[in-house]
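There are 2 protein chains.
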Amino acid sequence: MSAHQALLGGVTAAKGFTAAGVHSGIKRSRKPDLALVLADRPSAAAAVFTINRVQAAPVLISKQRVRQGIARAVLLNSGCANCLTGPKGMQDARAISRATAQALHLPESQLLLASTGIIGRRLPVPRLVRAVPHLVASLSQAHHRHAAQAILTTDLRSKEAAVELTVGGRRVRIGGMAKGSGMIAPSMATMLCVVTTDAQVAPALLARLLRQATERTFNRISVDGDMSTNDCVFVLANGASGASVTGAAAKAFGAALEAVCDRLARMIVEDGEGVARTMALEVRGARTARDAQLAARQVAFSPLVKTMLAGADPNPGRLAAAVGASPAVFDPDKLEIRISGQTVVAQGTALKIGKAVTRTLLARPHVEVVIDLHAGAGRGWMFTGDLTVEYIKINAGYAT
Amino acid sequence: MSAHQALLGGVTAAKGFTAAGVHSGIKRSRKPDLALVLADRPSAAAAVFTINRVQAAPVLISKQRVRQGIARAVLLNSGCANCLTGPKGMQDARAISRATAQALHLPESQLLLASTGIIGRRLPVPRLVRAVPHLVASLSQAHHRHAAQAILTTDLRSKEAAVELTVGGRRVRIGGMAKGSGMIAPSMATMLCVVTTDAQVAPALLARLLRQATERTFNRISVDGDMSTNDCVFVLANGASGASVTGAAAKAFGAALEAVCDRLARMIVEDGEGVARTMALEVRGARTARDAQLAARQVAFSPLVKTMLAGADPNPGRLAAAVGASPAVFDPDKLEIRISGQTVVAQGTALKIGKAVTRTLLARPHVEVVIDLHAGAGRGWMFTGDLTVEYIKINAGYAT
Numbered sequence: 000m001s002a003h004q005a006l007l008g009g010v011t012a013a014k015g016f017t018a019a020g021v022h023s024g025i026k027r028s029r030k031p032d033l034a035l036v037l038a039d040r041p042s043a044a045a046a047v048f049t050i051n052r053v054q055a056a057p058v059l060i061s062k063q064r065v066r067q068g069i070a071r072a073v074l075l076n077s078g079c080a081n082c083l084t085g086p087k088g089m090q091d092a093r094a095i096s097r098a099t100a101q102a103l104h105l106p107e108s109q110l111l112l113a114s115t116g117i118i119g120r121r122l123p124v125p126r127l128v129r130a131v132p133h134l135v136a137s138l139s140q141a142h143h144r145h146a147a148q149a150i151l152t153t154d155l156r157s158k159e160a161a162v163e164l165t166v167g168g169r170r171v172r173i174g175g176m177a178k179g180s181g182m183i184a185p186s187m188a189t190m191l192c193v194v195t196t197d198a199q200v201a202p203a204l205l206a207r208l209l210r211q212a213t214e215r216t217f218n219r220i221s222v223d224g225d226m227s228t229n230d231c232v233f234v235l236a237n238g239a240s241g242a243s244v245t246g247a248a249a250k251a252f253g254a255a256l257e258a259v260c261d262r263l264a265r266m267i268v269e270d271g272e273g274v275a276r277t278m279a280l281e282v283r284g285a286r287t288a289r290d291a292q293l294a295a296r297q298v299a300f301s302p303l304v305k306t307m308l309a310g311a312d313p314n315p316g317r318l319a320a321a322v323g324a325s326p327a328v329f330d331p332d333k334l335e336i337r338i339s340g341q342t343v344v345a346q347g348t349a350l351k352i353g354k355a356v357t358r359t360l361l362a363r364p365h366v367e368v369v370i371d372l373h374a375g376a377g378r379g380w381m382f383t384g385d386l387t388v389e390y391i392k393i394n395a396g397y398a399t
Numbered sequence: 000m001s002a003h004q005a006l007l008g009g010v011t012a013a014k015g016f017t018a019a020g021v022h023s024g025i026k027r028s029r030k031p032d033l034a035l036v037l038a039d040r041p042s043a044a045a046a047v048f049t050i051n052r053v054q055a056a057p058v059l060i061s062k063q064r065v066r067q068g069i070a071r072a073v074l075l076n077s078g079c080a081n082c083l084t085g086p087k088g089m090q091d092a093r094a095i096s097r098a099t100a101q102a103l104h105l106p107e108s109q110l111l112l113a114s115t116g117i118i119g120r121r122l123p124v125p126r127l128v129r130a131v132p133h134l135v136a137s138l139s140q141a142h143h144r145h146a147a148q149a150i151l152t153t154d155l156r157s158k159e160a161a162v163e164l165t166v167g168g169r170r171v172r173i174g175g176m177a178k179g180s181g182m183i184a185p186s187m188a189t190m191l192c193v194v195t196t197d198a199q200v201a202p203a204l205l206a207r208l209l210r211q212a213t214e215r216t217f218n219r220i221s222v223d224g225d226m227s228t229n230d231c232v233f234v235l236a237n238g239a240s241g242a243s244v245t246g247a248a249a250k251a252f253g254a255a256l257e258a259v260c261d262r263l264a265r266m267i268v269e270d271g272e273g274v275a276r277t278m279a280l281e282v283r284g285a286r287t288a289r290d291a292q293l294a295a296r297q298v299a300f301s302p303l304v305k306t307m308l309a310g311a312d313p314n315p316g317r318l319a320a321a322v323g324a325s326p327a328v329f330d331p332d333k334l335e336i337r338i339s340g341q342t343v344v345a346q347g348t349a350l351k352i353g354k355a356v357t358r359t360l361l362a363r364p365h366v367e368v369v370i371d372l373h374a375g376a377g378r379g380w381m382f383t384g385d386l387t388v389e390y391i392k393i394n395a396g397y398a399t
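Chains as they are written, first to last, in numbering that gives the first Met the number 0: chain S, 0 to 399; chain Z, 0 to 399.
Some hints could be false.
The list cannot tell twin chains apart, which means a pair is met if one copy fits it or any two copies do.
Only pairs whose alpha carbons sit at most 27 Å apart, straight line, appear in this in silico DSS-like list of lysine-lysine [stated by the list, open to error]: (1) Lys333 with Lys87; (2) Lys351 with Lys250; (3) Lys354 with Lys62; (4) Lys30 with Lys351; (5) Lys26 with Lys87; (6) Lys62 with Lys333; (7) Lys62 with Lys14; (8) Lys250 with Lys14.
The hints are simulated quantities; they were obtained by calculation from the structure and are not laboratory data. The structure displayed is predicted, hence computed values, not measured ones.
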């Protein structure tokens with residue numbers, strides 16, 4: 000039994016956090032495109048960022064600010080990535096940062112920034128600055144959903160999760176929101192995500208727990224294998240619960256933080272561009288955990304595996320070809336593959352199974368694939384979706 | 000000026016080679032599915048194979064046989080990969096090899112094998128054995144096209160190329176055929192390909208020149224980034240021209256061999272599953288040639304770049320995001336990108352260019368992208384195609 004339990008709510012589920020989401024005019028549609036999350040006091044802050052060499056202006060700014068380990072607020076916009084915008088893009092981000100910090104009466108260094116949307120376009124700074132007073136006036140614990148909606152791009156659904164646990168006899172909450180639908184790949188910070196908690200956590204510990212949670216959740220999902228220039232995961236801990244996370248409590252708190260990230264990560268795949276079916280992919284019996292993870296990634300990235308899933312097309316050989324293309328060391332004559340409990344490959348040989356059976360297994364909304372390399376005790380996993388005609392349609396006309 | 004010139008013809012363009020292609024009954028359609036290429040005498044032989052850990056039975060057998068450096072014939076089938084078929088798949092391959100070698104009066108060790116098609120299905124051995132006499136009886140210099148057709152799977156067009164050059168005052172020819180449409184990625188032997196030449200070349204030199212040519216051609220194309228279990232590139236040199244390739248002639252001969260492989264490689268992309276437009280991608284100014292090639296691969300693999308091409312959607316930020324995701328070291332503030340001669344990113348900043356202009360550039364049947372990292376003198380390239388709705392449709396129902 001886990002030491003935490005799921006709650007309704009999102010980025011304001013923890014005590015002392017408010018949020019807002021408004022339409023500022025970046026998006027030509029009337030959809031919300033500017034979000035703000037505010038802590039009631041200076042909070043411990045940590046973040047994980049994209050490892051792309053090309054990074055958006057807000058990423059460069061937030062990276063520097065989060066180093067001090069303290070923040071009060073996160074400002075996020077959708078509709079424009081403010082990336083590939085050169086020195087002017089940095090000026091734009093700073094202008095909006097200044098206006099927001101002034102309206103909130105904060106030192107600018109305590110405001111973190113994130114942007115998502117089309118790369119290579121400038122932000123409409125005057126419109127954003129004009130929207131700030133309304134944004135700040137809208138801040139409320141009840142408006143977590145508005146904030147979650149204002150960071151969406153091609154997402155169809157907003158993504159929120161929250162849990163509660165007990166630390167030293169006190170109730171602690173962790174809540175978060177995320178966006179992400181395309182350009183999703185592991186081995187980076189992934190998409191935009193803000194997590195808040197009313198626990199008191201030292202910044203260094205918070206950073207370590209966030210890195211661990213990200214490594215096991217956001218870094219193990221894949222929609223299309225592309226890597227964004229704008230990914231950020233932020234966590235703010237304001238200590239409003241009065242519970243301090245130290246020593247033995249760190250493990251339970253870390254597990255609860257991972258649970259929030261895991262739920263948001265799965266929501267990203269389920270709402271992935273064009274995704275109709277999801278696949279949980281586990282590689283067992285690898286020589287090492289690293290080998291297992293490399294193999295799981297290779298399979299999760301394979302367009303042939305993902306189109307097989309899209310068509311519920313009985314072709315388990317594609318799973319074998321993908322795992323064989325990975326750097327994982329194994330004896331192909333021992334390879335074993337199961338699809339939702341049904342063994343389809345044993346001792347490196349495809350079993351004769353009726354197409355109708357395999358098709359039924361693959362046609363479920365969620366498919367579980369287990370690949371056993373029989374080479375050791377290493378285990379890894381990925382969570383991914385199918386590759387459909389819809390994905391192509393969305394991405395062949397995104398900028399238009 | 001190159002020292003060789005293009006010819007019509009294919010795998011029998013060189014003196015002393017015959018070929019045949021027939022329908023044996025592997026494919027349910029009446030299309031040809033069994034091909035044979037025969038040299039008139041024991042020939043120097045070399046090959047490059049897939050580096051997938053899961054390898055088809057014919058790959059395992061051919062790998063062993065080609066080690067002796069001498070072969071007379073190559074037998075290839077489409078419609079069934081004979082992979083993931085265990086010890087029985089090895090028995091199947093050996094039975095067909097035995098029947099063919101007997102019909103040709105060859106030692107079995109001089110017959111190379113290759114298969115392509117669905118993974119995990121057994122070959123219909125009795126049908127193949129029954130087809131061998133007809134296949135052997137059909138061998139002719141005129142039947143190169145039949146052979147090229149009999150190795151196709153989802154390919155729409157057969158792929159043949161040939162060149163002529165002069166070595167030591169004698170006319171030498173090199174010709175080949177290839178198949179490949181999906182499951183095409185670099186850094187491996189790629190697809191099925193047979194090249195023949197009437198030059199006399201020592202097996203070790205032939206192997207080195209084939210590896211070089213493969214590295215610069217088949218290993219620099221990508222359709223979907225998946226890696227096959229069955230890829231083989233074979234070359235046979237029978238010496239029938241009387242010209243011996245040694246010393247200084249090796250360079251010109253290697254260039255001519257590369258030209259044949261290059262033409263076949265481009266044909267594979269042009270006929271790639273669902274490909275409507277092709278993209279030649281060059282990365283310049285990298286710190287090293289290795290960095291340049293890693294960057295070119297990352298861009299060529301990106302589903303977002305490939306769907307941008309499919310939709311002629313003006314979104315050059317995706318090129319920057321993909322190159323930034325590669326391991327290549329560069330200063331993002333110096334990044335420069337040109338699409339078919341038009342600069343779209345300079346000094347790390349997207350230029351304001353009308354959408355109509357970018358759309359027109361991207362809508363051409365063939366698009367040239369140059370990415371300059373301004374970090375050194377390293378150069379790399381890839382040849383790829385767009386990712387279309389048609390690709391998904393083909394691969395969501397391949398086994399059905």
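At 27 Å max between alpha carbons, let me know whether Lys62 reaches Lys333 within a copy, between copies, both or neither. For Lys62 and Lys333, the Cα distance is within 27 Å only across copies (21 Å; inside one copy 46 Å).
Checking an output row: Lys62 and Lys14, CA cutoff 27 Å. Within, between, both or neither? Cα proximity of Lys62 and Lys14: one copy only (26 Å, versus 66 Å across).
Classify it for me, Lys30 with Lys351: is the Cα-Cα distance of at most 27 Å met within a copy, between copies, both or neither? between (52 Å within a copy, 25 Å between copies)
Is it within, between, both or neither when you check Lys250 against Lys14 at 27 Å Cα-Cα? Within. Shortest intra-copy distance 21 Å satisfies the 27 Å Cα cut-off; inter-copy 74 Å does not.
Within, between, both or neither, where Lys354 and Lys62 count as close if Cα-Cα is 27 Å or less: neither (52 Å within a copy, 33 Å between copies)
Is the C-alpha distance from Lys26 to Lys87 at most 27 Å within one copy, between copies, in both cases, or in neither? Classified as within: same-chain Cα gap 20 Å, cross-chain 61 Å, threshold 27 Å.
Within, between, both or neither: how does the pair Lys333, Lys87 come out at a Cα-Cα threshold of 27 Å? Between copies only: 15 Å across, 57 Å inside.
With identical chains, the pair Lys351 and Lys250 could be close in the same copy or across copies; at 27 Å between alpha carbons, which is it: within, between, both, or neither? Classified as neither; 46 Å inside a copy, 50 Å across copies.
Hint check: violations occur at hints 2 and 3; the rest are consistent with the structure.
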